[in-house]
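A.B. asks: Generate the whole structure from the sequences, applying the supplied hints.
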Amino acid sequence: MTWIDFLWPVVTGACLTLALINLRIAFVERPRAARLLFSLSAFWVAFLSVMELAGMRADSAARYEAVLGWGDLATWAAMSSLTAFIWVFFGTGTRWLALAGSASYGLGLLFYLGPDSGLLYLRITGVKTVETYGGAIFHVAEGVPNPWGALAYAGVLLMLAFAVDASIQLWRRGNGRRAAIIGGSLVFFILAAGVQSALIERGVIYSPYLISWFYLAILVTMGHELSKDVFAATELARQLRESQERMTLAAEAANLGIWMWNVDRDELWMSDRGLALFATEPGVIPSYSGLRERVHPEDRQRRDETIQRAVRARGMYELEYRIPLPDGTVRWLATRGRCFCEPDGGNPRLLGVSMDITPRKRAEAALRENEMELQRQRAELSHASRVSTLGQLASSLAHELNQPLGAILRNVEAAELFMQSESPDLDEIRAILTDVRKDDQRAGKVIDRMRGLLQRRSLELHPLSLSELAEEVAVFARVDAAARHAAIERDIPEGLPDVLGDRVHLQQVLLNLVLNAMDALDGNSDSSRTVSVRARLDGAGSVRMSVSDEGRGIHPEQLGRLFEPFFTTKPHGMGVGLAICRTIVEAHGGRIWAENNTGQGATFHVTLSAASPENIPSEL
Amino acid sequence: MNAPVVHVVDDDLSFRAALTRLLRASGFEVKAFATAEEFFKHLAPDTHGCAVVDLEMPGMNGLELQAALTQASNPIPLVFLTGHGNIPATVRAMRDGAEDFLEKRAPRETLLAAVGRALARDAEARAERDLKRKAEDRFNILTDREREVLGHVLKGRLNKQIAADLGIHERTVKLHRTGITTKLGVHSVAELARIILHGNTFPKGQ
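Quick mapping for you: the protein sequence lines, in order, are chains D and Y.
The numbering of the first sequence is our numbering, which starts it at 1 and goes up by one.
The numbering of the second sequence is our numbering, which starts it at 1 and goes up by one.
Do not take every clue at face value.
To be verified - Okay, the calculated beta carbon distance ranges per label pair: (1) Asp440/D / Gln71/Y: 38 to 46 angstroms; (2) Arg437/D / Ala125/Y: 58 to 66 angstroms; (3) Arg121/Y / Pro556/D: 54 to 62 angstroms; (4) Arg437/D / Asp137/Y: 35 to 43 angstroms; (5) Gly116/Y / Val504/D: 48 to 56 angstroms; (6) Gly116/Y / Arg437/D: 28 to 36 angstroms; (7) Ala113/Y / Val504/D: 40 to 48 angstroms; (8) Arg108/Y / Thr598/D: 42 to 50 angstroms.
Said to hold, decoys possible - Computed footprint of chain Y on chain D; a stretch qualifies when at least three of its residues, placed anywhere within it, have a C-beta under 8 angstroms from a C-beta of chain Y: (9) 397-403; (10) 407-417; (11) 438-446.
Since the hints were made in silico from the structure, they are not lab data.
We put the beta carbon where it would ideally sit given N, CA and C, even for glycine.
C.D. replies: Take a look at the structure:
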């Protein structure tokens with residue numbers, strides 16, 4: 001047992017190991033084909049080293065002959081694999097060189113099928129024992145060389161040429177480092193193996209074939225190169241995992257769902273929180289289309305378009321959309337995404353975060369509802385307050401009248417009952433009739449009293465500025481106007497004299513006219529909902545105030561009846577408004593009437609006396 | 001027994017007179033008052049009938065009259081009349097037990113029907129009170145001791161137990177029981193229980 005018997009198996013083992021490792025990696029990492037070829041070459045070199053050892057221990061020509069064929073085959077196979085490896089891995093090189101080289105050598109191998117001893121020797125005559133370092137001995141073949149052995153050398157040379165050419169081209173392409181290391185080592189191998197073999201066969205040197213050793217050298221270099229990618233990949237994977245964990249933590253803390261979508265490969269990754277947001281099964285990451293299914297049907301198209309636009313433009317997007325939940329409620333999500341890609345624009349990937357904004361949406365909806373409710377209440381309030389001032393009047397009127405009217409009714413009913421008897425008590429009936437008359441008079445007095453409330457005596461007359469009056473009334477009516485999308489325009493010239501009047505009563509009149517005008521606008525479109533309040537001089541000592549609307553106008557038949565008590569065109573109107581207005585205006589010594597406009601709508605006119613030094617009450 | 005009387009309370013002379021006329025013509029006994037105070041002066045424990053009351057009156061108004069009436073010894077049923085609708089008043093009046101709440105100008109049939117119902121209610125309440133009083137009277141005949149024993153009997157205690165509870169002889173217990181059944185004129189505990197339930201009363205002292 002010498003170091004030879006020890007060392008060659010080690011080489012075999014090393015080659016096998018490296019072959020297996022690269023084979024394993026080939027199935028996981030890219031470039032797959034290159035790694036497979038490299039692994040193949042390592043397998044062949046392992047086999048070659050076994051043949052080398054067998055050759056060195058072959059103690060007869062016959063044995064040596066047997067081994068040599070396999071060894072040569074192994075050499076050819078290994079070199080061809082390596083050539084193919086360069087072809088695939090570098091992607092450069094003049095192809096025909098490689099093909100010719102491999103073909104040449106391969107062709108020569110056919111000699112081993114023939115009666116000769118093979119490609120290198122026509123005939124092996126014997127083996128020679130050589131002693132080398134450490135007292136180790138080994139056998140070498142002796143025989144007649146085969147001139148056709150040149151095929152092998154030619155093949156090797158061609159493959160070498162290919163290797164050199166490919167390396168140079170790769171270097172020129174800019175990948176100098178790879179070219180130098182891998183290309184260089186391969187070139188070295190082919191050269192060294194080729195030269196050594198030639199020298200051994202010519203009998204110039206007596207040494208074992210060291211092809212496998214040379215291969216081992218490059219195996220290590222190559223292996224190191226290739227494994228650098230693996231290490232880099234592992235390191236990257238670790239960093240990526242860490243970074244993912246950090247991101248997930250941050251996202252969980254912020255209650256965000258994070259996700260990544262590789263567009264071309266349609267691969268989607270989503271954090272657990274993201275999955276929960278989309279209400280999918282936990283642990284199962286859906287595809288993009290699966291995710292789309294979870295989105296509310298009405299929002300799907302908008303979402304698709306937004307995302308596609310972002311991908312096309314390689315830009316950002318923001319989206320809000322709904323996810324219907326299994327319990328029937330709806331969850332609002334807000335998503336922000338950004339498209340990343342390679343420098344050349346390829347391999348687009350979408351990354352983003354999603355957030356549950358249902359509480360915010362609900363709050364917004366509640367706010368909107370509240371606002372609408374508020375508006376409605378304001379409108380109701382103004383309506384109610386308007387109705388109550390007039391309504392109070394009307395209701396107290398009704399109450400006062402119900403007494404005498406009730407008494408009349410009861411009396412009449414009693415009389416009917418008396419009349420039913422055989423001989424009615426006529427005295428009783430006479431008494432009833434008298435009472436009925438009295439009650440009727442009483443009722444009449446009630447109405448007179450009501451009217452009397454509005455007589456001149458109860459008015460407080462002061463000089464009033466119509467523009468101030470109009471301003472105050474506009475304030476009263478503002479909420480109503482806002483609720484009904486109506487505008488109140490005022491056109492009162494500055495120099496207009498003050499009128500003599502009772503502020504509260506005139507406010508009531510103007511307010512009533514303005515509100516009536518807004519009622520008239522009810523059916524109009526938003527563009528023609530204006531009430532205009534105008535004031536002008538009307539002859540000497542008089543001022544005319546006019547309130548116009550753009551409504552449907554007043555039916556000519558009704559124009560005359562407008563100011564009658566209890567006449568109304570409104571379904572819930574009491575018909576007292578304009579009657580009261582007329583009473584007030586006439587109590588001021590003025591006039592009130594209505595006209596249809598030449599265009600659209602109607603106008604109500606009120607004339608009042610201008611305040612002059614003569615007619616201002618002396619109490620002031 | 002007095003005949004039932006409809007008491008009209010309204011400060012408006014004309015309406016009061018007219019309503020009284022109508023009610024009389026319809027066959028009711030009527031007494032009219034201008035104020036709530038006058039009405040209360042007249043009201044007696046044995047007054048039968050009901051009251052038709054105006055809601056709005058000076059001094060004590062209709063609702064105040066109703067409140068005072070519930071405290072009185074003879075809370076006869078009420079029908080309210082009003083000159084105009086007033087929902088909070090309506091609700092209060094009805095919740096506090098008014099028979100009805102009508103407008104002064106309500107149709108005759110409605111008014112008379114309400115009065116009829118009020119009188120019927122009064123008669124019913126009266127009858128019930130009578131029954132109750134009769135039942136109570138019967139128990140008043142018993143002595144204190146007898147009432148005590150009765151209480152225990154009604155609880156279902158055996159004579160032996162009652163004797164132990166009260167610290168007397170069983171013989172004495174039996175004696176008391178005989179006294180009870182004789183005085184009340186009943187023959188069994190079941191009959192006894194029926195009287196009590198019927199009168200919706202329980203002997204005093206229990």
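A.B. asks: With reference to the structure, classify each hint as holding or not holding.
C.D. replies: Against the structure, the hints come out as follows:
1. Between aspartate 440/D and glutamine 71/Y the CB atoms are about 41 angstroms apart, so this pair conforms to the stated range of 38 to 46 angstroms.
2. Taken as a hint, the range 58 to 66 angstroms is violated for the pair arginine 437/D and alanine 125/Y, whose Cβ atoms sit roughly 42 angstroms apart.
3. Arginine 121/Y and proline 556/D have their C-beta atoms about 59 angstroms apart, which keeps the hinted 54 to 62 angstroms range intact.
4. Distance hint check: the CB atoms of arginine 437/D and aspartate 137/Y are about 57 angstroms apart, inconsistent with the given range 35 to 43 angstroms.
5. For the pair glycine 116/Y and valine 504/D, the supplied restraint of 48 to 56 angstroms holds, since their beta-carbon distance comes to about 50 angstroms.
6. Roughly 31 angstroms separates the CB atoms of glycine 116/Y and arginine 437/D, a value that falls within the hinted 28 to 36 angstroms.
7. For alanine 113/Y paired with valine 504/D, a C-beta distance near 47 angstroms keeps the hint of 40 to 48 angstroms intact.
8. The given range of 42 to 50 angstroms is broken by arginine 108/Y and threonine 598/D, whose C-beta atoms sit roughly 56 angstroms from each other.
9. Here's how the region 397-403 of chain D fares: 5 of its residues keep a CB closer than 8 angstroms to some CB of chain Y, so the rule of at least three is met and the hint holds.
10. Counting residues of the region 407-417 of chain D whose CB falls under 8 angstroms from any CB of chain Y gives 8; the rule of at least 3 is met.
11. Counting residues of the region 438-446 of chain D whose CB lies closer than 8 angstroms to any CB of chain Y gives 3, so the stated coverage by that chain holds, three being the minimum.
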